[in-house]
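K.L.:
Each chain, written out:
Number of protein chains: 6
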Amino acid sequence: MTTVTPKNSALSQQVFDDIKKTRNTNYINNFWRDLSHNDEELYNTWSALKSVMSEGEIPYLYKEMIYVAVSIANNCNYCIHSHTYAAKKAGMTDVQYKELLSVILMANKTNALATALGTQVDDVLDTSKEGELRK
Amino acid sequence: MTTVTPKNSALSQQVFDDIKKTRNTNYINNFWRDLSHNDEELYNTWSALKSVMSEGEIPYLYKEMIYVAVSIANNCNYCIHSHTYAAKKAGMTDVQYKELLSVILMANKTNALATALGTQVDDVLDTSKEGELRK
Amino acid sequence: MTTVTPKNSALSQQVFDDIKKTRNTNYINNFWRDLSHNDEELYNTWSALKSVMSEGEIPYLYKEMIYVAVSIANNCNYCIHSHTYAAKKAGMTDVQYKELLSVILMANKTNALATALGTQVDDVLDTSKEGELRK
Amino acid sequence: MTTVTPKNSALSQQVFDDIKKTRNTNYINNFWRDLSHNDEELYNTWSALKSVMSEGEIPYLYKEMIYVAVSIANNCNYCIHSHTYAAKKAGMTDVQYKELLSVILMANKTNALATALGTQVDDVLDTSKEGELRK
Amino acid sequence: MTTVTPKNSALSQQVFDDIKKTRNTNYINNFWRDLSHNDEELYNTWSALKSVMSEGEIPYLYKEMIYVAVSIANNCNYCIHSHTYAAKKAGMTDVQYKELLSVILMANKTNALATALGTQVDDVLDTSKEGELRK
Amino acid sequence: MTTVTPKNSALSQQVFDDIKKTRNTNYINNFWRDLSHNDEELYNTWSALKSVMSEGEIPYLYKEMIYVAVSIANNCNYCIHSHTYAAKKAGMTDVQYKELLSVILMANKTNALATALGTQVDDVLDTSKEGELRK
Chain A
9 MTTVTPKNSA
19 LSQQVFDDIK
29 KTRNTNYINN
39 FWRDLSHNDE
49 ELYNTWSALK
59 SVMSEGEIPY
69 LYKEMIYVAV
79 SIANNCNYCI
89 HSHTYAAKKA
99 GMTDVQYKEL
109 LSVILMANKT
119 NALATALGTQ
129 VDDVLDTSKE
139 GELRK
Chain B
9 MTTVTPKNSA
19 LSQQVFDDIK
29 KTRNTNYINN
39 FWRDLSHNDE
49 ELYNTWSALK
59 SVMSEGEIPY
69 LYKEMIYVAV
79 SIANNCNYCI
89 HSHTYAAKKA
99 GMTDVQYKEL
109 LSVILMANKT
119 NALATALGTQ
129 VDDVLDTSKE
139 GELRK
Chain C
9 MTTVTPKNSA
19 LSQQVFDDIK
29 KTRNTNYINN
39 FWRDLSHNDE
49 ELYNTWSALK
59 SVMSEGEIPY
69 LYKEMIYVAV
79 SIANNCNYCI
89 HSHTYAAKKA
99 GMTDVQYKEL
109 LSVILMANKT
119 NALATALGTQ
129 VDDVLDTSKE
139 GELRK
Chain D
9 MTTVTPKNSA
19 LSQQVFDDIK
29 KTRNTNYINN
39 FWRDLSHNDE
49 ELYNTWSALK
59 SVMSEGEIPY
69 LYKEMIYVAV
79 SIANNCNYCI
89 HSHTYAAKKA
99 GMTDVQYKEL
109 LSVILMANKT
119 NALATALGTQ
129 VDDVLDTSKE
139 GELRK
Chain E
9 MTTVTPKNSA
19 LSQQVFDDIK
29 KTRNTNYINN
39 FWRDLSHNDE
49 ELYNTWSALK
59 SVMSEGEIPY
69 LYKEMIYVAV
79 SIANNCNYCI
89 HSHTYAAKKA
99 GMTDVQYKEL
109 LSVILMANKT
119 NALATALGTQ
129 VDDVLDTSKE
139 GELRK
Chain F
9 MTTVTPKNSA
19 LSQQVFDDIK
29 KTRNTNYINN
39 FWRDLSHNDE
49 ELYNTWSALK
59 SVMSEGEIPY
69 LYKEMIYVAV
79 SIANNCNYCI
89 HSHTYAAKKA
99 GMTDVQYKEL
109 LSVILMANKT
119 NALATALGTQ
129 VDDVLDTSKE
139 GELRK
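Protein chains in written order, with the working numbering: chain A, 9 to 143; chain B, 9 to 143; chain C, 9 to 143; chain D, 9 to 143; chain E, 9 to 143; chain F, 9 to 143.
None of these hints come from the bench; they were simulated from the model.
Hints should not be assumed to be uniformly reliable.
One copy or two, either will do: identical chains are not told apart, so a pair holds if it fits within one copy or between any two.
Derived lysine-lysine pairs resembling DSSO-like cross-links, with alpha carbons at most 27 Å apart [what the hints assert, rightly or not]: (1) K58 to K29; (2) K96 to K29; (3) K96 to K106; (4) K137 to K29.
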């Protein structure tokens with residue numbers, strides 16, 4: 009059950025066509041279909057996502073892994089499934105998936121520990137002083 | 009203010025020595041000092057972290073970026089500072105840091121949207137059927 | 009699947025009757041039914057909710073929107089559905105729903121950014137000094 | 009301590025000037041200053057925020073209250089202070105602030121309860137069938 | 009910096025006197041002082057807390073440990089400090105504190121794993137069928 | 009739908025046999041089955057969980073209640089069901105379950121309040137000075 013009704017507007021159709029072309033598929037995910045209830049948001053979100061997730065100084069594959077990590081931390085079941093799928097499609101190996109989960113679990117563990125202990129940030133960790141850091 | 013009192017045991021000292029050697033530094037972060045109140049947990053956490061964060065099929069630099077992403081999602085101020093520092097020290101460029109924040113923000117946005125809409129997971133996203141995926 | 013068994017006590021029945029009268033319906037939501045396993049908690053929660061959500065200096069419609077915003081941030085699927093429903097029933101227009109989602113997404117974005125950057129709170133934001141604020 | 013170094017670029021200055029004019033102030037909040045390390049993100053975030061938070065079918069005051077609610081749920085200390093400030097400046101009365109906190113606490117409570125009980129969403133709550141809802 | 013101004017009303021004073029008597033102390037924590045800006049909420053919260061946290065079928069000490077666990081998961085720095093303090097004052101030993109942290113970390117880990125894997129709930133875990141469970 | 013494919017390795021079988029023996033059952037929960045896609049993680053997680061959740065200075069029953077509390081705060085539906093089940097099987101009475109929910113709700117409430125108010129931690133709550141505390 010979703011909270012909205014997809015809308016088949018000209019703008020929605022334009023975005024759907026671009027998704028199909030960009031991803032070389034005929035399938036439009038439920039997320040984009042649901043988002044079409046607000047076709048401006050659909051257009052803005054898709055445009056921004058296409059740009060943000062393009063190959064950059066961080067390779068696309070690692071961007072998808074970061075996406076999976078955030079989605080797990082935010083407990084978004086839909087996003088976990090769609091971005092684990094995307095990462096695997098982009099070539100994430102079984103070993104990389106294991107490493108990804110290990111890093112996420114380790115971060116979760118030390119996040120909880122530092123929070124539980126109320127640990128104070130060390131002065132030496134000040135990354136706003138970049139000159140210092142890179143000496 | 010922290011919730012615990014560091015303990016200067018032989019096991020703590022052994023871990024501190026290994027941290028200094030591994031990281032080529034004389035400085036022990038507050039996190040490890042605080043964790044020494046429970047020197048077995050200190051030993052286990054450090055050993056696991058050293059193994060998990062080593063160079064693997066996911067390069068160390070990207071592991072640190074994933075760590076930063078999880079720490080932001082979990083809102084752990086200490087961990088954000090220590091792993092942003094570690095990522096920069098490992099060579100994260102300003103452009104990569106911008107890309108990292110962009111991916112995190114995009115993931116956060118679509119996480120919130122999919123949650124708000126209650127979007128149902130598409131059958132085609134079933135990554136447990138790996139044969140299908142990799143055709 | 010729920011973790012509890014509804015209980016058809018006299019107190020539960022009294023609350024159900026009040027819900028039906030207050031909301032002018034014959035339908036009792038699953039939430040209230042499940043909560044009847046603990047009929048005192050049912051009574052207390054319903055009484056408090058009826059009071060808190062009544063028309064006040066914040067109009068009821070905006071109270072429902074705030075409820076939706078919190079439920080999305082807390083990722084409570086049940087509550088997102090029931091309060092999006094309630095807000096629409098109270099007259100939330102399509103444009104208002106779009107504005108609501110936009111505000112939630114913007115808040116999420118700047119929340120994540122401020123957390124990522126570790127931004128320090130400005131002294132001028134001290135709202136405990138109300139005299140200052142309202143000059 | 010922040011993770012970034014503000015950058016005094018022409019684009020940053022342009023945004024700062026617009027913030028000063030729009031808000032009729034000479035003070036630039038730490039958030040915008042920190043964000044200037046990435047002046048494109050600064051420009052995009054400020055432009056979007058100005059648009060999203062403008063008076064609309066949801067009055068500005070209630071938009072700020074929704075912002076506060078999300079910021080509390082996301083535990084963003086900076087954002088809680090800056091948007092509680094903004095809401096008070098926009099005229100939020102003490103009674104409205106009490107009502108706001110009451111709604112947030114009630115939402116939090118029923119969010120936790122519905123999550124704890126694993127309550128199933130009622131079919132009647134399907135807001136994608138808007139015709140039904142508005143009968 | 010807090011968002012509110014404490015209010016020294018007769019009702020606040022009555023609650024403070026009860027806190028002092030109940031806890032056998034002359035010190036009023038910042039939390040209760042800040043909450044006095046809304047003396048009805050102060051009264052209600054203190055009354056409910058006194059009742060909920062009293063010795064019951066769950067001993068007081070374990071109630072405080074549960075409180076600490078929730079506060080860590082919710083990342084409430086104030087609450088972590090005040091309830092770790094309360095638990096220690098109630099007799100929590102160093103070994104119990106270590107066990108508490110271990111259970112919290114283990115729960116966090118399997119929470120993240122089950123979320124990452126999208127694991128489906130087993131039919132046999134249906135605790136609403138209590139007769140079945142207790143056979 | 010899960011993100012992984014269970015793997016029937018010798019190590020998985022060994023863990024499954026130990027689970028069956030330890031819990032005196034023939035049923036393996038979906039969580040352990042899903043985790044077998046990574047049989048080393050399965051082995052490590054099960055071994056650690058068996059140790060952490062054993063009877064200690066915190067009785068097993070209260071450990072399960074703490075586990076339920078964390079799982080609710082983290083919104084892990086699977087874990088809520090499996091550990092509410094485990095707690096009930098370990099003898100959690102209906103009254104204890106009500107008390108557990110009451111403590112969780114109270115902690116959630118004061119967590120949100122302290123976060124909303126930005127309350128500063130009192131110096132007297134410094135539990136790192138244990139000598140002081142235990143006077």
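K.L.:
Determine for every hint whether it applies to the structure shown.
P.N.:
Now for the hints, and whether the structure bears them out:
Taking the shortest alpha-carbon separations for K58 and K29, only the intra-copy value of 12 Å comes in at or below 27 Å, while the best inter-copy value is 34 Å. In this assembly of identical chains, K96 and K29 lie within 27 Å of each other by CA distance solely inside one copy; the values are 20 Å within and 36 Å between copies. In this homomeric assembly, K96 and K106 come within 27 Å of each other (Cα to Cα) both inside a single copy, at 12 Å, and across copies, at 24 Å. In the homo-oligomer, the alpha carbons of K137 and K29 lie at most 27 Å apart only across protomers (25 Å), although the nearest pairing inside one protomer, at 44 Å, exceeds that limit.
Hint check: no violations occur; every hint is consistent with the structure.
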